[in-house]
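With the hints as your guide, set chain P onto chain U.
Protein chains: 2
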Amino acid sequence: MREVFHQSLEDVQARLVEISELVTAAIDKATRAFGTSDVALAEEVIEADAIIDEKAVELDELAIQILARQQPVARDLRIVVAALRVSASLERMGDIAEHIAQLTRMRFPERAIPKGLKSTFTKMGELDVEVARTLTELLRTEDLSLLETLRALDDKLDDGHLSVFEKVLSDAWKGEAAATVDATLASRYLERFADHAVSVAKKVAYLATGDWKPDTETIAVIVAGGEIVD
Amino acid sequence: MREVFHQSLEDVQARLVEISELVTAAIDKATRAFGTSDVALAEEVIEADAIIDEKAVELDELAIQILARQQPVARDLRIVVAALRVSASLERMGDIAEHIAQLTRMRFPERAIPKGLKSTFTKMGELDVEVARTLTELLRTEDLSLLETLRALDDKLDDGHLSVFEKVLSDAWKGEAAATVDATLASRYLERFADHAVSVAKKVAYLATGDWKPDTETIAVIVAGGEIVD
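Same order as they appear, the protein sequences are chains U and P.
Those letters in the first sequence? Residues 1 to 230, by UniProt numbering.
Those letters in the second sequence? Residues 1 to 230, by UniProt numbering.
The set of hints was computed from the structure by calculation and includes no laboratory data.
Since the model is a prediction, treat every value here as computed from it, not as a measurement.
For every residue, glycine included, the Cβ atom is placed at its ideal position computed from N, Cα and C.
Any given hint could turn out to be false.
As the list claims (entries may be wrong) - No more than 27 Å apart at the CA atoms, straight line, and that leaves these computed lysine-lysine pairs for BS3-like:
#1 55(U) to 115(U)
#2 202(U) to 55(P)
#3 167(U) to 174(P)
#4 174(U) to 29(P)
#5 174(P) to 55(P)
#6 203(P) to 203(U)
To be verified - Stretches of chain P that chain U covers, calculated by requiring three or more beta carbons in the stretch to come under 8 Å of a beta carbon on chain U:
#7 66 to 80
#8 83 to 96
#9 163 to 175
#10 178 to 185
Only chain U is shown next, with the shape it has when bound in the complex (with noise of 0.2 Å):
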């Protein structure tokens, strides 16, 4: 029974980590196709975040049969609540993949990336993929050094999100209204895209530390395996 129950568990992470994948393989798409007006790789990017989706709901599946068959405490019971919660970041980090290749093919023929912006959103797209990356790996590895490395590319992101609103708004900027709003949006959701990732990264940390929020003492409690008393 435990040997049936640790195979549940690292199919669980297995299952992670591919979803984590192919959410790889959805930005680094969708940011190409975005900076490249290549509405044949956004068409691509919206087909393929459906099987995201349901690959996101069959772990979902996994995990509830995993609590309902095999009870699991302590550490085991925080990486199955964990990995819930991971799978429905990956799928919004999914999702976000799918808006940038809409927005890629909204515009199509025209570019998707507003005059003047280009190199910072291919920086930005970049970062992303490189954030998909480093949180695949720390799916992977459990190497929580990578929370650190993840908050500096959020950080970096987040400084791109800033510039692109410095250049929409200075007086050099002579885009139309379609321009800006596609600005606006792809810079909102490329910074998003990070945000989830550190916030995953964090749950992973909590699942190795028993450290969801410092300071609590239930948590404390349920690490130790322990039983808490009303």
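Relative to chain U, chain P alone:
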């Protein structure tokens, strides 16, 4: 023991209703502050968001505690898992109210609502307050007919979102880039708020019917409280 357990589940529900009430107050104040450039009211929303976040974390801790101590199965298990997801969505809805309040504060003493969009944004704000009230009622009563009410409100908010873009992209639009950015972000926030509410309502429906995703055998087995054979 069973009595203690059912008290815990009632506690979970009561806390979800409480958080939903706080979110309702937040979106009501945030949209009114946005409409009237009331920076004091906006500050109130920004400060109060920490309370919503804290209550969501406390609810998560309670849910994990219940899973660890009571090891619920079947419908009870589904209630606890759904509560974890609902609390995450409510917390996110609180964040959106905060973002709208931040837009108001950022523009003060200028008006946050761009010229020509006052009536659209007022209407969308009122719809979001109705969304939050309906959601609270659904959490309190588990009256699933309210899911349809929420879907109808969500459709109206999608229409509002589209009409904002139509205005901003029309020849008649004379707004500066800053006004276009504000309109884009505000409209996106107001529309997303309702998406989250529909997502919560679907989770409650899943609780009542076991129909998280139709035609999923695993869920059917769990609902029946049965064991799953590998």
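Hint check:
| no. | hint | in the structure |
| --- | --- | --- |
| 1 | 55(U) to 115(U) | violated (38 Å) |
| 2 | 202(U) to 55(P) | holds (19 Å) |
| 3 | 167(U) to 174(P) | holds (19 Å) |
| 4 | 174(U) to 29(P) | violated (36 Å) |
| 5 | 174(P) to 55(P) | violated (43 Å) |
| 6 | 203(P) to 203(U) | holds (22 Å) |
| 7 | 66 to 80 | holds (count 8) |
| 8 | 83 to 96 | holds (count 3) |
| 9 | 163 to 175 | holds (count 5) |
| 10 | 178 to 185 | holds (count 5) |
Of the hints listed earlier, those the structure fails to meet are numbers 1, 4 and 5, in rising order.
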